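Asker: In case you want the letters, here they are:
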Amino acid sequence: MRDFLKRYSSSSLAMVGLAIVLVAVFAAAFGPWLVPFDPNTQDILQRLKPPLWRGTDGMHLLGTDALGRDIFSRIIVGARVSILVGVSAVVISSIVGVTFGLIAGYEDKYAGRVLMMLTDIQLAIPFMVLALAVAAVVGPSLWNIIAILGLTNWVQYARVVRAECLVLREREFVQAAHMMGISTPHILTRHLLPNVMSSVIVISSLLVAKMIIFESSLSFLGLGVPPATPTWGTMIAEGRNYIGNAWWVATIPGVAIFVTVMGTNLVGDRLRDLLDPRLRQVES
Amino acid sequence: MADFLISRLLYAAAVLLGVSVAVFFLIRIGGDPSALFLPPEAPVEEIERFRRLMGFDRPLAVQYFDFLGRALQGDFGMSLRYDQPAMKLVLERVPATLQLGAMALLMSLVISIPLAILAAAKHGSAIDRASLLASLLGQSFPAFWLAIMLILLFSETFRLLPPSGRGTWQQLIMPAIVLATYSTAIITRLLRSSMIEVLQSDYVRTARGKGVKESRIILSHALRNAAIPTLTVIGLQVGALLGGAVITEEVFAYPGVGRLAIQAIANRDFTVVQAFVVLMAALIVTINLLVDLSYGLLDPRLRKGK
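Protein sequence lines, in the order shown, are assigned to chains E and L. Under the UniProt record's numbering, the final residue of the first sequence carries the number 284; numbering is consecutive throughout. Under the UniProt record's numbering, the final residue of the second sequence carries the number 306; numbering is consecutive throughout.
The hints are simulated quantities; they were obtained by calculation from the structure and are not laboratory data. Keep in mind that this is a model prediction, so the values were computed, not measured. Any given hint might turn out to be false.
[Said to hold, decoys possible] Incomplete in silico selection of chain E near chain L, CB under 7 Å:
1) Pro126
2) Ser216
3) Met262
Using N, Cα and C, we set each Cβ at its ideal position, and we do this for glycine too.
Just chain L, same shape as in the assembly:
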């Protein structure tokens, strides 16, 4: 277990190193990065001064290790727009996004787990086919459009919920629904198909033969085993879900990290973009690490092993 943990940790560190290279080159794809920070009409002398100020005139390798050294201490430079450290700006917005994400995750688990269990237990029935169709539909529209439709319905037409902002629970409802839709569709679909597979396995047949109650078979035998492949894919999807949060926050003017990132991109405030990407990558890598470690809890066979 200790070896496994150490190798996973080293691997996660290597992945983050790779992310830092990607983020470093992100602002250099188009050539001179100063062009990104300065307005197009900036005079040549000012561009030169800015290049020296930011250190863009040094060799690339020197710039990268300087960037990495600072990044390891959480220093991504100053936001050019707000005159504050870039990472501080991002961190300030994290609680809002976590709150939204937790609410959305809760919603999607409360809907998807019972639905998937029901669909798998009654495989082939009308409810099973309805759940498949629903999860297909749930993946078929862009999040921002659903957001606008909800605003049209609940804010413009019935005037029940505020269309934007953060602070009250009413303001959390619509963004959470939008964010939960896609993950609900995916979790339902995955959990359903792995449940169906597990319910046909030998150990479930043995349990049935022994006369174990069907509810117990489904809840403790099948669900636990079906959870593993589902968790893996959810781990892989975290990045996509965070991407969804970016757009959702933007439409509802919800002051989380995603909206900050979009504003930073629009303002050409690339130090903030870099800080955001690195923080999110660290979060995603950590979640995947936890997913890997949770296999041991779900499946005793995996506790020893590699």
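Just chain E, with the same shape it has in the complex:
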């Protein structure tokens, strides 16, 4: 472990990524207690104030939006939805995908074929439209968004885990376990699962980054988390109408998404290099 940390920290870009991720997680966890203003308090007299570095006086570090709400506070509080949705959706997809992959890789006969079929069906449906349509049908809410994103992004786990299991199942320790009469669920969870964990970690870290972008896209189109909660995607959608006279309203939340996603990608990239260089080929 210590050796791993040492190797991880030898890349300065990866350390920058880690720092960004830690800040984002901190903001997500403690945001409401950190912010100078209530993120939902409207102050019409203070509407569309530019950020402080533009030389105007005022108390709003990153300016205010069209309703006079403090953008800095909304960005900090908005981290919660992004991180929560990103991480929870990845947990769901990894559970679904890894379970599918383990079974299909070990019991290749029918399960394997059914699985490949399912993944191809899933890949044939434009994900964004599927997510939007489902959100429109079941109604947008935090948990619905998490469920939709989680259940539509498990394909990559299933494919990679299955491919690794097809190789692992021929190895002596698995064959021996099978011959000793150990039950299949036990073999899957105790013998195969630990051996695919490094790939799962790498895929997960890169998928969190994508999920954050997906969540912001759904919010941007008005089918994400309901508007009472500040989210970065919704903030961009609201700011879009003022792009001509108040560029900062739409720009700043995008920078927040960009920095967070880049940080997550940098961490994921480093983990991939260290844990599983082969995965470079199977890029999402």
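Starting from the known structure of chain E, fit chain L onto it as the hints suggest.
Answerer: Leaving out everything else, chain L in the frame of chain E:
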């Protein structure tokens, strides 16, 4: 080859059948589909009449086979908003999206292929690391935000390009850039890593030993072999790219299928959504089929075989 073709075609048909089941159940996840089409304040009698009119009161299996039978003839029902066949509305928008997609694909190939070749040929150099970083950055922001930033820069600030619509080539530039960004990042990254792998292979070493010119090794030996894994992943990514087109079209008010789909979702015009999903799925499955068949062209070893 004929067996391979037939089995691939059957498989593609089976996948599309699966898509039709998914699309059928899509509007039924929440229970009674009539609730989706009618306003919430609709009186009970009207809901009942609508259920009978649409056939939602029949057994599910009957409804599905009826849906499938019509879908095979291209009949997805009428758009509830525009009073036209749903598939006709979608098909009308296809040329606009194809034009945008072709432009974006062209842009991303023109940038990514030379960049990947250069990075792989000078593996470990500054340009290699720059290309890696650039492709990482290219995947790190949402398409809609890049779109808004381009509008801010080129339409609001410099007033060079129109912010929306379709008709002139100026209106095509910004949507194409946005759409090309993500695929450029992915293609560069993939092609670079498979090129690096191929350049270390035995046959490249043999070619070098025989004194073949380096430019010829890279362009005809390495590029051709590195293209296969790259093509596979691009095939798998087509769905994601089309998803990107949906959002891009929406931001630029570009009248393609993606914008139609988003409007249809907003208008609860679900017959159009169904027609859209099935058409896109057919397109994606066809592209993947072509990718599978193209392996034979790129790699003679695969021409026989399964």
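Asker: With reference to the structure, classify each hint as holding or not holding.
Answerer: Hint check:
Because the beta carbon of proline 126 of chain E sits about 4 Å from the nearest beta carbon in chain L, less than 7 Å, this interface hint is met. Interface hint at serine 216 of chain E: satisfied, since its Cβ lies 5 Å from the closest Cβ of chain L, which is below the 7 Å cut-off. For methionine 262 of chain E, the suggested interface contact is upheld, since its CB lies about 4 Å from the closest CB of chain L, less than 7 Å.
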